[in-house]
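> For reference, the chains in residue letters:
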Amino acid sequence: MSTLMSGAKMLLECLAREGVDCMFGYPGGVTLPFYDVLYEHHIRHVLVRHEENAAFAAEGYARVTGKVGVCCATSGPGATNLTTGLVDAMMDSIPIVALTGQVPSKLIGSDAFQEADTFGITRPCTKHNYLVKKLEELPQIIHEAFYVAASGRPGPVLVDITKDVFQGQGHYQPVTSIHLPGYKVFTEGHTGQIKRAAQMIQESERPLVYSGGGIILSNASPELREFVELTDAPTVTTLMGLGSLPSEHPNFISMPGMHGSYAANMALSNADLLIALGVRFDDRVTGRLAAFAPHAKVIHVDIDPAEIGKNRAPDVPIVGDVKRVVPKIVKAMKENPVPASEKLKAGRRAWWHQIREWKAEHPYNTPRSESEIKPQHLMAEIDRISGGQAIVTSDVGQHQMWAAQLIRFNEPRLWVNSGGLGSMGFGVPAAVGAQMARPDKLVFAIAGDGGFQMSIPELGTIASNGLPIKIIVMNNGYLGMVRQWQTLFYNNRLSSVELDCFPDAEKLAGAYGFKGRTIDKPWELASALEEAVNEPGPYLLNVKVTPMECVYPMVPAGGAINEMVLGPPQPVAVP
Amino acid sequence: MLQVISLLLENKPGALMRVTGLLSQRGYNIESLTVARTLDPSLSRMTIVVDVESHQRQQVIKQMNKLINVLQATDLSDSPAVVRELVLVRIRTSQESRTAVLKEAEIFGGRVVDSSTEGFAIEVTGDPEKLSEFIDVMGSYGEIDVTRSGALAIALESKKLKLQPPVPTKAGARLEETLSN
Numbered sequence: 001m002s003t004l005m006s007g008a009k010m011l012l013e014c015l016a017r018e019g020v021d022c023m024f025g026y027p028g029g030v031t032l033p034f035y036d037v038l039y040e041h042h043i044r045h046v047l048v049r050h051e052e053n054a055a056f057a058a059e060g061y062a063r064v065t066g067k068v069g070v071c072c073a074t075s076g077p078g079a080t081n082l083t084t085g086l087v088d089a090m091m092d093s094i095p096i097v098a099l100t101g102q103v104p105s106k107l108i109g110s111d112a113f114q115e116a117d118t119f120g121i122t123r124p125c126t127k128h129n130y131l132v133k134k135l136e137e138l139p140q141i142i143h144e145a146f147y148v149a150a151s152g153r154p155g156p157v158l159v160d161i162t163k164d165v166f167q168g169q170g171h172y173q174p175v176t177s178i179h180l181p182g183y184k185v186f187t188e189g190h191t192g193q194i195k196r197a198a199q200m201i202q203e204s205e206r207p208l209v210y211s212g213g214g215i216i217l218s219n220a221s222p223e224l225r226e227f228v229e230l231t232d233a234p235t236v237t238t239l240m241g242l243g244s245l246p247s248e249h250p251n252f253i254s255m256p257g258m259h260g261s262y263a264a265n266m267a268l269s270n271a272d273l274l275i276a277l278g279v280r281f282d283d284r285v286t287g288r289l290a291a292f293a294p295h296a297k298v299i300h301v302d303i304d305p306a307e308i309g310k311n312r313a314p315d316v317p318i319v320g321d322v323k324r325v326v327p328k329i330v331k332a333m334k335e336n337p338v339p340a341s342e343k344l345k346a347g348r349r350a351w352w353h354q355i356r357e358w359k360a361e362h363p364y365n366t367p368r369s370e371s372e373i374k375p376q377h378l379m380a381e382i383d384r385i386s387g388g389q390a391i392v393t394s395d396v397g398q399h400q401m402w403a404a405q406l407i408r409f410n411e412p413r414l415w416v417n418s419g420g421l422g423s424m425g426f427g428v429p430a431a432v433g434a435q436m437a438r439p440d441k442l443v444f445a446i447a448g449d450g451g452f453q454m455s456i457p458e459l460g461t462i463a464s465n466g467l468p469i470k471i472i473v474m475n476n477g478y479l480g481m482v483r484q485w486q487t488l489f490y491n492n493r494l495s496s497v498e499l500d501c502f503p504d505a506e507k508l509a510g511a512y513g514f515k516g517r518t519i520d521k522p523w524e525l526a527s528a529l530e531e532a533v534n535e536p537g538p539y540l541l542n543v544k545v546t547p548m549e550c551v552y553p554m555v556p557a558g559g560a561i562n563e564m565v566l567g568p569p570q571p572v573a574v575p
Numbered sequence: 001m002l003q004v005i006s007l008l009l010e011n012k013p014g015a016l017m018r019v020t021g022l023l024s025q026r027g028y029n030i031e032s033l034t035v036a037r038t039l040d041p042s043l044s045r046m047t048i049v050v051d052v053e054s055h056q057r058q059q060v061i062k063q064m065n066k067l068i069n070v071l072q073a074t075d076l077s078d079s080p081a082v083v084r085e086l087v088l089v090r091i092r093t094s095q096e097s098r099t100a101v102l103k104e105a106e107i108f109g110g111r112v113v114d115s116s117t118e119g120f121a122i123e124v125t126g127d128p129e130k131l132s133e134f135i136d137v138m139g140s141y142g143e144i145d146v147t148r149s150g151a152l153a154i155a156l157e158s159k160k161l162k163l164q165p166p167v168p169t170k171a172g173a174r175l176e177e178t179l180s181n
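The listed protein sequences correspond, in order, to chains A and B.
Counting from 1, one number per residue, gives the positions in the first sequence under the working numbering.
Counting from 1, one number per residue, gives the positions in the second sequence under the working numbering.
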């Protein structure tokens with residue numbers, strides 16, 4: 001059975017077969033044939049205001065649903081604008097498919113209008129990419145792209161399609177199977193290593209679960225929870241893993257790393273066994289690698305073989321999907337129980353006692369002021385309203401760290417941030433994707449005054465689509481994290497970090513037809529946030545906070561994570 | 001240290017770029033790289049020599065294996081393998097040295113592929129280190145131009161090629177299913 005149709009129609013047919021219901025994009029010359037067939041199709045296309053944000057929005061969609069996010073751009077500048085989003089998705093292993101138009105195949109290489117070597121440019125930005133020059137290859141490639149994006153360690157896949165492929169007519173036959181002989185996905189884990197892991201866990205006196213984004217990507221939170229409860233091991237979750245274990249779970253310690261908690265970093269530094277699940281021993285977590293978890297044996301479970309041993313050589317390497325492997329470890333523990341000696345039991349009690357002490361000794365700083373809004377106060381108020389249930393997106397920087405420290409996430413896929421790449425301007429467009437995917441959810445987009453100003457164009461997208469996103473600008477008048485480093489490590493020489501002009505939030509939001517407000521008094525905070533949340537439409541809340549606040553604890557770059565700076569060395573003068 | 005890698009990869013547009021791009025992206029220095037089709041014209045065999053620290057060797061292979069067009073990446077540095085290279089040397093030499101040059105070439109198993117009053121063009125195949133010696137020797141007789149092919153290698157023990165079977169489409173929806181469970 002085959003039907004005669006255009007390449008553009010075939011593409012749409014394939015997208016529908018992959019279950020795409022929503023995509024984010026920006027049309028242009030060579031994608032016109034595709035947009036023409038999209039005109040009468042049920043797939044919802046969200047017209048963003050900049051292609052980079054199409055990729056970020058697709059990521060937001062993918063991060064909250066687990067489905068493949070789709071974005072689309074035209075050739076040349078459209079495609080090059082996508083690249084930051086592609087790398088962002090690559091670094092955080094987010095499944096997205098990017099579709100780009102390319103000049104007609106006969107013009108490739110002629111420096112044609114809006115021609116760019118998208119295939120070459122995006123090779124290092126993607127898990128895999130394709131250039132489609134033959135119509136008959138299109139359906140196969142589209143399905144391959146979705147398969148590669150979502151399977152194994154997820155990631156972005158780009159398909160660059162020439163205009164003549166969109167326009168050509170061909171017989172469409174639905175693709176029923178994909179054959180990628182060299183694409184290896186290891187999910188099951190090595191039985192022997194799983195048994196070894198199960199034994200080591202039971203024999204460990206000071207075990208620590210170190211859980212990351214892999215748990216969320218694999219939807220393995222229930223499995224993680226069962227494992228944690230069976231072992232009663234304290235658990236730290238990375239920035240990407242927040243929500244993998246509920247923040248209110250008694251075994252949850254908090255986030256480790258450069259701005260992680262004292263207790264989490266001390267636990268890592270003193271554990272005798274790390275059970276690393278879906279993590280990659282990122283430098284922001286480990287600090288100086290040689291001094292990281294020096295007393296611990298390591299069990300490392302990850303679906304990507306190249307992550308095992310990349311930064312830290314594990315004692316028990318397990319290549320597999322955490323969703324498959326963690327229950328196997330649980331089963332092996334139940335089948336081969338190791339009776340705990342009195343000494344071990346006492347050791348474990350002492351370990352928990354020690355961790356509770358660390359937690360009590362140095363909780364996260366939550367200063368309050370009578371006259372100013374402390375950024376931590378803002379995050380605590382957002383946390384109060386969210387109750388661990390709202391979707392929170394963020395950019396990168398101080399606001400991201402305070403949000404990660406102080407906002408609870410009691411489910412996976414609520415915390416959406418640019419972790420690996422650290423892209424400014426991520427939070428607002430990611431919230432667009434998140435809210436499109438989850439219209440039922442309260443979505444906060446938290447940004448700094450720097451990142452927000454990179455995202456202002458998307459206020460148009462938010463208004464056009466009536467997305468009730470609550471944009472919270474943590475406005476300290478600076479590029480706060482860069483300013484913090486200048487303060488701490490560059491003699492407070494504040495070079496090119498001051499943002500002394502910020503638009504009037506009420507007028508700015510008003511110009512797009514929704515509500516906005518600026519506050520700077522602590523007593524306004526709770527009611528302003530409630531007003532924002534109760535507003536049925538979008539809301540822009542500009543919160544002026546203490547300008548010179550620094551994020552603590554802080555592990556200076558290259559330091560060991562137990563050498564944290566817990567607070568300001570001396571009162572910092574406002575210049 | 002030098003690591004010899006043998007790659008079997010699909011002969012698809014961009015496959016070479018993926019391999020070289022990966023090497024430069026991860027900061028591995030390419031010493032040499034050769035590529036040609038195999039008996040099966042849809043596949044290519046590539047021999048790469050990279051200069052990496054020994055603790056990174058496994059990582060290079062793992063990263064190569066992650067490339068979707070790569071069917072098999074094998075580290076030949078420690079396993080039994082034959083590594084050969086071809087060198088073409090053009091030497092300008094005086095009349096008096098001609099016989100000596102030919103003698104030296106013979107010692108290295110070289111073959112004269114062109115001869116003129118000015119000198120010779122000589123081809124030699126062999127172990128890359130031997131070839132370096134040959135080049136040094138030739139250089140002592142006169143002005144030389146050198147082209148090396150880069151190393152070619154073959155494993156002496158066959159390693160089983162594991163290919164992935166086809167999967168049905170909509171496999172991409174796996175995550176969706178598990179999410180709803």
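In short, the hints are calculated from the structure, not lab data.
A couple of the hints might just be wrong.
As the list claims (entries may be wrong) - A few chain A positions that, by computed beta-carbon distances, are all more than 12 Å from chain B:
1. H128
2. E144
3. S151
4. P174
5. G182
6. E205
7. D304
8. N311
9. E372
10. D520
Unchecked claim - As a list, the in silico DSSO-like pairs of lysine-lysine whose alpha-carbon atoms are at most 27 Å apart:
11. A:K184 - A:K374
12. A:K184 - B:K103
13. A:K310 - B:K170
14. A:K184 - B:K170
Owing to the predicted nature of the structure, the values given are computational and were not obtained by experimental measurement.
Beta carbons are placed, not taken as given, at the ideal position from N, Cα and C, and that holds for glycine.
> Hinted pair, alpha-carbon criterion (27 Å max): K184 of chain A, K103 of chain B. Please report holds or violated.
Measuring from Cα to Cα gives roughly 52 Å; hence the hint is violated.
> Just checking, D304 of chain A versus chain B, shortest CB gap more than 12 Å?
violated (7 Å)
> Would the pair K184 of chain A and K170 of chain B pass a check requiring their Cα atoms to be no farther apart than 27 Å?
Distance of about 18 Å is within 27 Å: holds.
> Does the structure keep K184 of chain A and K374 of chain A at a Cα separation of 27 Å or less?
violated (49 Å)
> Does P174 of chain A sit more than 12 Å from chain B, CB to CB?
violated (8 Å)
> May I ask you to check that E144 of chain A keeps its beta-carbon over 12 Å from the closest beta-carbon of chain B?
It is violated; E144 of chain A is separated from chain B by about 9 Å at its closest Cβ, not greater than 12 Å.
> Does the claim that E372 of chain A lies off the interface hold, with its Cβ farther than 12 Å from every Cβ of chain B?
holds (42 Å)
> Given the hint that K310 of chain A pairs with K170 of chain B, does the C-alpha gap stay at or below 27 Å?
violated (32 Å)
> Would the least Cβ to Cβ distance between S151 of chain A and chain B come out above 12 Å?
With a cut-off of 12 Å, S151 of chain A comes too close to chain B, as the shortest Cβ separation is near 7 Å.
> Beyond 12 Å from every Cβ of chain B: is that where the Cβ of H128 of chain A lies?
With a cut-off of 12 Å, H128 of chain A comes too close to chain B, as the shortest Cβ separation is near 5 Å.
> For N311 of chain A, which was marked as not at the interface, is the minimum beta-carbon distance to chain B over 12 Å?
Non-interface label fails for N311 of chain A: nearest chain B Cβ at 10 Å, not farther than 12 Å.
> Quick check for students: does the CB of E205 of chain A sit more than 12 Å from each CB in chain B?
Check passes; 30 Å lies beyond 12 Å.
Violated hints, listed in ascending order, are 1, 2, 3, 4, 5, 7, 8, 11, 12, 13; each of the other numbered hints is respected by the structure.
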